[in-house]
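Taken in sequence, the protein lines are chains X and U.
1 is the number of the first residue of the first sequence in the UniProt record's numbering; add one for each residue after it.
1 is the number of the first residue of the second sequence in the UniProt record's numbering; add one for each residue after it.
Some clues are possibly wrong.
[What the hints assert, rightly or not] As a list, the in silico BS3-like pairs of lysine-lysine whose alpha-carbon atoms are at most 27 Å apart:
1) 85(U) / 34(U)
2) 25(U) / 83(X)
3) 6(X) / 25(U)
4) 28(U) / 2(X)
5) 105(U) / 2(X)
6) 6(U) / 6(X)
7) 105(U) / 6(X)
8) 122(X) / 6(X)
9) 26(X) / 2(X)
10) 85(U) / 28(U)
What the hints contain is simulated information worked out from the structure, not anything from laboratory work.
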Amino acid sequence: MKLNEKSVAYYATCNSPPDKTGFLFKKGERNTAYHRRWFILKGNMLFYFEERESREPIGVIVLEGCTVELCESESEEFAFAVKFDCVKARVYKMAAENQPAMESWVKALSRASFDYMRLVVKELERQLEEVQEEARSSQAKNKLKKHQPQVQGATSSQPTTFSLQNAEITGPSQEGVSSRENGVSWSKPTSLPNGVSEGCVWEGDCCGKGDGVKPPTVPPRRKPSGGSPESPVSPGTGSFSKLHDWYGQEVAELRTEWLQSQ
Amino acid sequence: MRFNEKELVFLSRQPSERAAELGMKGPKKGDVVKRRVVKLIVNFLFYFRIDEDEPIGALLLEQCRVEREDDQVFSIVFLDEAERKYLFECDSQEQCVEWIDAIVKASYESMRKNLIYYRTEIHRLTGKDPLEQYGISDETRFQVNSGLPPADT
């Protein structure tokens, strides 16, 4: 089957931000030794390179419909596998360099599918509609006035972040509330007769209020260890099945909620 | 570049967002319009010969641009090779517009933008980050600042 390989390889190395990068050991297909490769996760595509500086990926694993499992390996600690549902599917065995890296990768890969992303988006879309409905019907109780009206930002030159990025991820990282002028702008994608760009820029809408859309203050950062009730798994967990079940459960819950909202 | 072809073929058999028989013309000089069954599944566009189960090929719909070429014709170009156009001929203007809309929304990048928009708005209106409950508020792909350059059209 053909694939637009050149453009896919371009996607790997273009300046769209990766979701995760790092070194992993990957078990070869014929040569069953583990080889150290540089991995870049973008969306539902997991690219791997011979070296970090390599210009082109050796290959890509499309992560749609896969499950990620921790696994025992005779030769490698911190091993996990990417498995697919189809007949005679290959199992991609990988190993991280330490426990936190392994957990971080397993978490990222389990949630990398387009389907999962779509569920989350649909859920948030539904929540926003609910919230907007409530806001419309009870204007007096609206607790909107947390922010000052700001000058409408121009293009996204210096946008604000929500929180610190994962340490393994390349790219700019910031912490805490930025006091810089809001530079984020966005609009909903619309189809134009003379062409639509994939890289649509969002422009502030704000329910027609006219002031610039300001990314909110940074929500409190989740504790990395100990976890909240939603996260029974901490980096120190030794229970592999618990980890695995929890990731699966989360997606199942989202799916159920989404189905109920249809 | 290696890719997991078997799994991609398996994906092409899953329920699609949109599927239709369209006229399709490849980007090479000398390519002619051929009737193909075109299926949009997640961020891939698969194309099949009529009545065949195995796709001839797949196009990953990231870093591409969709344009209206004519009343019933749209094109897809990939940003790394913008001179090469894939052309698709529809049966009606309506179908053409629907396909363009569907393909624009089919990229992971466009979903991420939607998600960031919804997240920001919900937080603005409620004071709560809706992603907290899923334990994914820290993920890079959901951050407002992920180093995305302004879009060039």
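Practice problem: Could you tell me which of the hints above the structure violates, numbers in ascending order? | Solution: As far as the earlier hints go, 2 and 8 are violated by this structure, in ascending order.
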